[in-house]
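Using the sequences and the hints given, assemble the complete structure.
The first sequence begins at 11 in the working numbering and counts up one residue at a time.
Calculated directly from the structure, the hints in this document are not laboratory data. The structure presented is a predicted model; accordingly, all values stated were derived computationally and were not measured. Treat the hints with caution; some may be incorrect.
Distance condition first, Cα-Cα at most 25 Å in a straight line; then the derived BS3-like pairs of lysine-lysine [stated by the list, open to error]:
no., residue 1, residue 2
1, 442, 400
2, 442, 397
3, 116, 198
4, 189, 116
5, 397, 433
6, 264, 198
7, 259, 328
8, 433, 362
9, 328, 261
10, 397, 328
11, 198, 107
12, 400, 441
13, 433, 400
14, 264, 433
Across the chosen pairs, the derived CB separations fall in these ranges [claimed, not checked]:
no., residue 1, residue 2, range
15, 134, 306, 50 to 58 Å
16, 73, 247, 21 to 29 Å
17, 345, 243, 46 to 54 Å
Heads up, the beta-carbon is just placed ideally off N, CA and C, and yes, glycines get one too.
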Amino acid sequence: MPSVRTRIAPSPTGDPHVGTAYVALVNYCFARKHGGEFVLRIEDTDQARSTAESERAILDALHWCGLTWDEGPDVGGPHGPYRQSERSSIYREYADKLLAGGYAFKCFCTPQRLEEMRAVQRASAQPSRYDGHCLSYTPEEVARREAAGQPYVIRMRVPDEGVIVVDDLRRGPIEFDYKSVDMQVLVKSDGLPTYHLANVVDDHLMEITHVIRGEEWVSSAPKHLLLYSYFGWQPPEFVHLPLLRNPDKSKLSKRRNPTGILFYERMGYLPEALINFLGLLANATREGEDELMDLTALVRRFELEHIPVGGPVFDVAKLDWLNGRYIRERLDAASFVRRVEEWAVSPERLTKIAQLAAPRIERLSDLAPLLAFLFSGRLALRAEDFKNVKLDAPEMREAFTLALREFDALPAWNVFGIEDVLKRIAQTLGKKGRDLARPFYVAITGSTTSIPLYDSMELLGRDIVRERLRGALEVV
RNA sequence: GGCGCCAUCGUCUAUCGGUUAGGACAUCGCCCUUUCAAGGCGGAAAGACGGGUUCGAUUCCCGUUGGCGCUACCA
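The following block contains the structure:
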């Protein structure tokens, strides 16, 4: 039996997402189950959005979940580098091969032309697809434009007629008409590859045997398959996992619900419970089987064939139940103490808290009421709590809504960024910073007297803060 | 708009043509209990709709409807 190699390929463009942990878990289980290897690769070809902090956070979060990988940017391995931004020359080389083979071409079309083209296609019920305009250029014309310094991208060629079949291990054959497959950009005008090129090249060079990824990739699978054939490579097996959903069945998104792994960590969920819960979504138990399972058990009973194809709702109530069982059934007194310490009063965290709290108390017993909000989940806020603020209800709603959006977009979560956002909102609403801070204080801490606001927010973390703002929006 | 994926209790799911459609979470009731949990027992709760195929469809096929994804020089 050929050895199995799977991978998780997160893009470091935000906070670690539970969906990433879910896909990673499935890849991990499949590899381990078959005695294969599991690789972590960072897909940071989008220079504008990728950050080193996000990469660090994602690796930390996956480790917190208890997942480990055999190869990756942090542990090395024989197929490195494992960060796409460090593999540019490789992609350039393969893009040139496609160009030389006539499987790709340089495209000088302007964004405006492409936009107009798509508008026409949409209006006439046609699939959105590059019309092949630059395909008609002679080599001389291409050289002339290049020499003139015209920016260009490299697009893959796609046949005009026929169908291509993607064989999904779980879903069976999926047919696509070539007419509905776009001539995807492979190399951007900045010379960096897009996901599609980098992904195929890397999966091949890293000898990935099974590409297990989210359902959002189904429609681009034909492009990937085509690239494998252009290169003359044996494509891997494909499995597309269903997307996790919000309770209203929409794609699990941080706009509406907490999706960050860090959120669940800060809320006091145990990593074993989270991973157990995700494992249950991938492979449900049979009747009579205990749903409480550690990672080893999850691996042992893992079956690709049993992964459901419909998008499951991320049901926090069930996670709560599992988490409770871990706390009362799997934690003895000593490990309970250790967990609580790690979660609540780790040395780093306690040091920060101490500096903020010490000046504000007279007795140590003052700590509990002062800091209760740091150790709580959702606060039980009431409309009366917002009585003594200088903003009226519509203003507060606008401020909280604005903050929800801006906090989401904030690249780095720290007091400086938080302060900037709040100052900006004060300006937008024409309010004094002090008057704006008060309602936020209540929303975040549940009281009007505590440690400084920005520090509190940093300590709580982005997801908890956003969750509390959502909570506040429900009562004001 | 185009292309694709999906469709069983509120939620996660089992059922590989014939079942009283099973389990788990949540919910409701009872028991236990100094409180609250936990625990035990029990209840209510589902095959989207319309056509076929078949002796027989939740199960196979087609259509409709609905949900979701993709439709970028983001992944």
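Consistency of the hints with the structure:
no., hint, result
1, 442 <-> 400, "holds (10 Å)"
2, 442 <-> 397, "holds (18 Å)"
3, 116 <-> 198, "holds (10 Å)"
4, 189 <-> 116, "holds (20 Å)"
5, 397 <-> 433, "holds (22 Å)"
6, 264 <-> 198, "violated (29 Å)"
7, 259 <-> 328, "holds (16 Å)"
8, 433 <-> 362, "holds (24 Å)"
9, 328 <-> 261, "holds (19 Å)"
10, 397 <-> 328, "violated (36 Å)"
11, 198 <-> 107, "holds (16 Å)"
12, 400 <-> 441, "holds (9 Å)"
13, 433 <-> 400, "holds (16 Å)"
14, 264 <-> 433, "holds (24 Å)"
15, 134 <-> 306: 50 to 58 Å, "holds (56 Å)"
16, 73 <-> 247: 21 to 29 Å, "holds (27 Å)"
17, 345 <-> 243: 46 to 54 Å, "holds (48 Å)"
Checked against the numbered hints given earlier, the structure breaks hints 6 and 10 and satisfies all the rest.
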